[in-house]
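*Asks:* Next come the chains, spelled out residue by residue.
Protein chains: 4
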Amino acid sequence: MSPGRLETFADGVFAIAATLLILNVDTQVGEHVDDLGETLLEIWPSYIGYVVSFVTIGIIWINHHTVMAQIGKVDRLFLLLNIGLLLCVAFIPFPTRLVTEHFRSDGARAAALVYGVTATAAAIFFSAIWFYASVGARLLRDDHDPRIVKGITRSYLPGPWIYLAATLVAFVSPTVSIVLFGAIAVFYVLESSWFGRSRQKG
Amino acid sequence: MSPGRLETFADGVFAIAATLLILNVDTQVGEHVDDLGETLLEIWPSYIGYVVSFVTIGIIWINHHTVMAQIGKVDRLFLLLNIGLLLCVAFIPFPTRLVTEHFRSDGARAAALVYGVTATAAAIFFSAIWFYASVGARLLRDDHDPRIVKGITRSYLPGPWIYLAATLVAFVSPTVSIVLFGAIAVFYVLESSWFGRSRQKG
Amino acid sequence: MSPGRLETFADGVFAIAATLLILNVDTQVGEHVDDLGETLLEIWPSYIGYVVSFVTIGIIWINHHTVMAQIGKVDRLFLLLNIGLLLCVAFIPFPTRLVTEHFRSDGARAAALVYGVTATAAAIFFSAIWFYASVGARLLRDDHDPRIVKGITRSYLPGPWIYLAATLVAFVSPTVSIVLFGAIAVFYVLESSWFGRSRQKG
Amino acid sequence: MSPGRLETFADGVFAIAATLLILNVDTQVGEHVDDLGETLLEIWPSYIGYVVSFVTIGIIWINHHTVMAQIGKVDRLFLLLNIGLLLCVAFIPFPTRLVTEHFRSDGARAAALVYGVTATAAAIFFSAIWFYASVGARLLRDDHDPRIVKGITRSYLPGPWIYLAATLVAFVSPTVSIVLFGAIAVFYVLESSWFGRSRQKG
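Protein chains in written order, with the numbering used here: chain A, 1 to 202; chain B, 1001 to 1202; chain C, 2001 to 2202; chain D, 3001 to 3202.
Next comes chain A alone, as it looks inside the complex (with noise of 0.2 Å):
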C-alpha cells in the first residue's frame, strides 16, 4: 500500500473540519437581528474560537505532513490509527462551539473539559502514529533521515502531557483552562514559523 491515498482521505477531513467551523459562527446571529454591528461585536469570542480551532487544525495537518513525509508504507493498523486521529479532528468543531458559547457561564467547565479531552485524544492518537511507525523504522522510508526522526520524536512526545495538563486546570479554573488552549495554538505558531525555521537550517 502506498502512503498517498491516506493523505487525500486525511487531507480532506483536515480542510472539512476546519471549513465547517464557519457554522459555529454563522448560528450566531440570527436571521432578524435589531442591530447587526452591535451583534457582530457581540460575538467576538465566536471569531476568537473560529481562529484558534482552525489554527490547531492547520498546526496538527502540518505535522501530520511531517510525519508522512519520513513514511515509506502504510498497514491497515497504522490506517486505523489514522482514522482515530481524524475522529478526533473532525469532533473539534462541537467543543469549538460549546466554548464560545459558554465561557462566559456556568457551562464553562462542561465546555472546557469536552475540548480538552479532544485535545488530548488527538495528541494521544498523533503520538501513537508516530510511535508505531518510526520504532524499529517499522514503517519509514529507507531513506529516512535519522536526525529528523529523532527531533519529530523529541517534539511530540510532550503533546498529550500538555493537553492534559490544560484539561485539569479546567476543574480549578474553566477560564485558565480555556486561555491555555488558545495560548498552546499561539505557541505551535510561533514554534513552526521560528524554532522550525532554524531546525530546517541546523
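In case anyone wonders, no lab produced these hints; they're calculated from the structure.
Warning: the hint list may mix true and false statements.
[To be verified] Restricting the straight-line Cα-Cα distance to at most 30 Å, the calculated cross-link-like pairs of lysine-lysine (BS3-like) are:
#1 A:Lys-73 x D:Lys-3073
#2 A:Lys-150 x A:Lys-73
#3 B:Lys-1150 x B:Lys-1073
#4 A:Lys-150 x B:Lys-1073
#5 B:Lys-1150 x A:Lys-73
#6 D:Lys-3150 x C:Lys-2150
#7 C:Lys-2150 x B:Lys-1073
#8 C:Lys-2073 x B:Lys-1150
#9 D:Lys-3073 x C:Lys-2073
#10 D:Lys-3150 x A:Lys-150
Following the hints, position chains B, C and D against chain A.
*Replies:* Same frame as chain A, but now just chains B, C and D:
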C-alpha cells in the same frame, strides 16, 4: 481511464460523510441549556453513534483502498457501481442520527431498519464492485497478486449477509440489532488491526 | 499549467455537492416525531430526489473525467468555464430540496423551473468547456484519439437542449417535467453502463 | 517537503467554502411558504451573493494555482501563511450571508465592513505568501520563469489596496461598497479570461 481520479472523488465523499457526522452531535445541544454538563452526559448515545459510524466509514475506506490497489483500469460501469456505493456511504449520517435519537423510544425499529438497509446496500455495492472487477480479472492490474485477490474475495463474500442478518433482527428486537451494528464495527476494527497484519505477513 | 489541480478542485466540489444532498433528507425528520416509521415512509420523495441528484452529479463527474482524459493543458478561460460548471453543480442541492418538498403543491412549477434552469446551465457550461478545448484541438493532448474526441462531441451536443426541453415542459405540466428529470438521469445511467461499454469495445 | 500536499489541503478548503455558499441560499426559503414562485424571486440578492462569492473563491483558487506552479519547495512559515489565507477564504460564506440579508436595511454598513475586512485580509495573506516565496527566489523552482514571476508580482501588488479602498467606502455608502465588491469580481473574471490569455501569448 486511470483509477486515480476515482480515488480522489471517493476519498472526498468518504471524508465529507464522516466529517458531517459531527453535526448529529452538535444539534443535540441547543444554544440555551440550563445545565451544560448534564446535557453533555445525557447525549452519550450521540457519541457512540458518531464513533461507530465514523469507524464504519473508515473501514469501508480502508477496504476500498485495498481493492483499488489491485485495480489497473476502470470502465464506466465500474464507476457507476462506485457511485452507488458512495451514495450509500453519504446516506449514513441520516440513519446514524435516527438511531441515536430514537433507540430508547418507539421509533427504534424504524431507525434500526433504515440504518441496516443503508449498511446492507453499501455492502452489496461493495461486493458488486469487487466481483465486477475481479471475475476473469476484468479490471485487475496485470501484476495483481492472485493470493491477495482470493483473500479479498473470501473476506468480502459474507459482508452483505452479515448486515442483512443484523437488519432482520430489528423485527424481533431493535435494541439487539443496533448493538449488532456496533459489534460489527468493533469486529472489523479488530480484524483489520490483528488478522489484517498477520495476513500481510503470511 | 497542468490539468491535475483542476481535477482535485472539481472532484472536491462534486463530492461535497453530492454529499450535502443528505441534509435535504435529514431536515425532513424533526427531532420530535410521533410515529417515526410513518414519517420515514411519508418522505419518500426525499429519497428519490437524493438518488436522482446524487446520480446526476455522479454522471457529470464521470463525463468530466472523460473530457479531462483528452486534455493536455489548461488556460485561465478554461478554468473559468469550469468554475461556471462547478457553480451550477454546487447549486443542485437547493432545487433538489425545492422539488421534493413542493412537487405535490402549488409550488411545483417554480421548483421544476429552478431545477431545470440549474441543470440546463450546467449542461451549457459543460458544452462550452468541451468546445473551447476541442475546437482546433486547442487544449487537447498531443496524442488525443480523434475518434473519442468526435464521439464526445456527438454525445454532448444534445445535452443542453434535452434539459431545456424538459424545463419548458414545466409551463404545461410541472409533474411531467419533474418525471423527465428523473428519466434523463436513468437514461444517462443506462447509456453509460451499456452503450458506454460497447463504445469502448467498438 | 513537496508542495503537492499543500495543494490537496488548499483545494479542499477552496472547494468546501465555495460549496457551502449554497446553504446561504437554501436557508432563505423556509419549509412552509405560501407562494414559492414569489419567494424565489424575492431572494434574488442571495443568488447574486452566491455567484459573486463563488467566483471570488474560484479566482483566488486560480491565482493560488498560478503561484504554486512557480513554487519548488515549501517551509513551515509558508504553510502557516497559507493557513492564514485559507482561514479567510473559509470565512467568506458568513459575510456573504450578512450582505445578502442586510444590504437593504440598517445593517448594510456592518455587513459590508465584515465582507470587506475578510476580503482585504485574504488579499494581504495572498500577497504575503507570494512575497515570502519570491523575494530572493526563496521557495521558487530552480527553473522558474523570471518574466512570469515579475508579472505575478505586478498583478498582485494592488490587491489588498483595492479591497481596502472598497471596504472604506462602506463608511460613506454601504451600497456603493457592496456594488464595488461585485465589480471587483467581474473585473478579475474579465482580466483572467482576456488579459490573462494575451499575457500567456505575449
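*Asks:* Now, for every hint given, state plainly whether the structure supports it.
*Replies:* Hints, one by one, checked against the model:
| no. | hint | result |
| --- | --- | --- |
| 1 | A:Lys-73 x D:Lys-3073 | holds, 23 Å |
| 2 | A:Lys-150 x A:Lys-73 | holds, 19 Å |
| 3 | B:Lys-1150 x B:Lys-1073 | holds, 19 Å |
| 4 | A:Lys-150 x B:Lys-1073 | violated, 41 Å |
| 5 | B:Lys-1150 x A:Lys-73 | holds, 23 Å |
| 6 | D:Lys-3150 x C:Lys-2150 | violated, 41 Å |
| 7 | C:Lys-2150 x B:Lys-1073 | holds, 23 Å |
| 8 | C:Lys-2073 x B:Lys-1150 | violated, 41 Å |
| 9 | D:Lys-3073 x C:Lys-2073 | holds, 23 Å |
| 10 | D:Lys-3150 x A:Lys-150 | violated, 41 Å |
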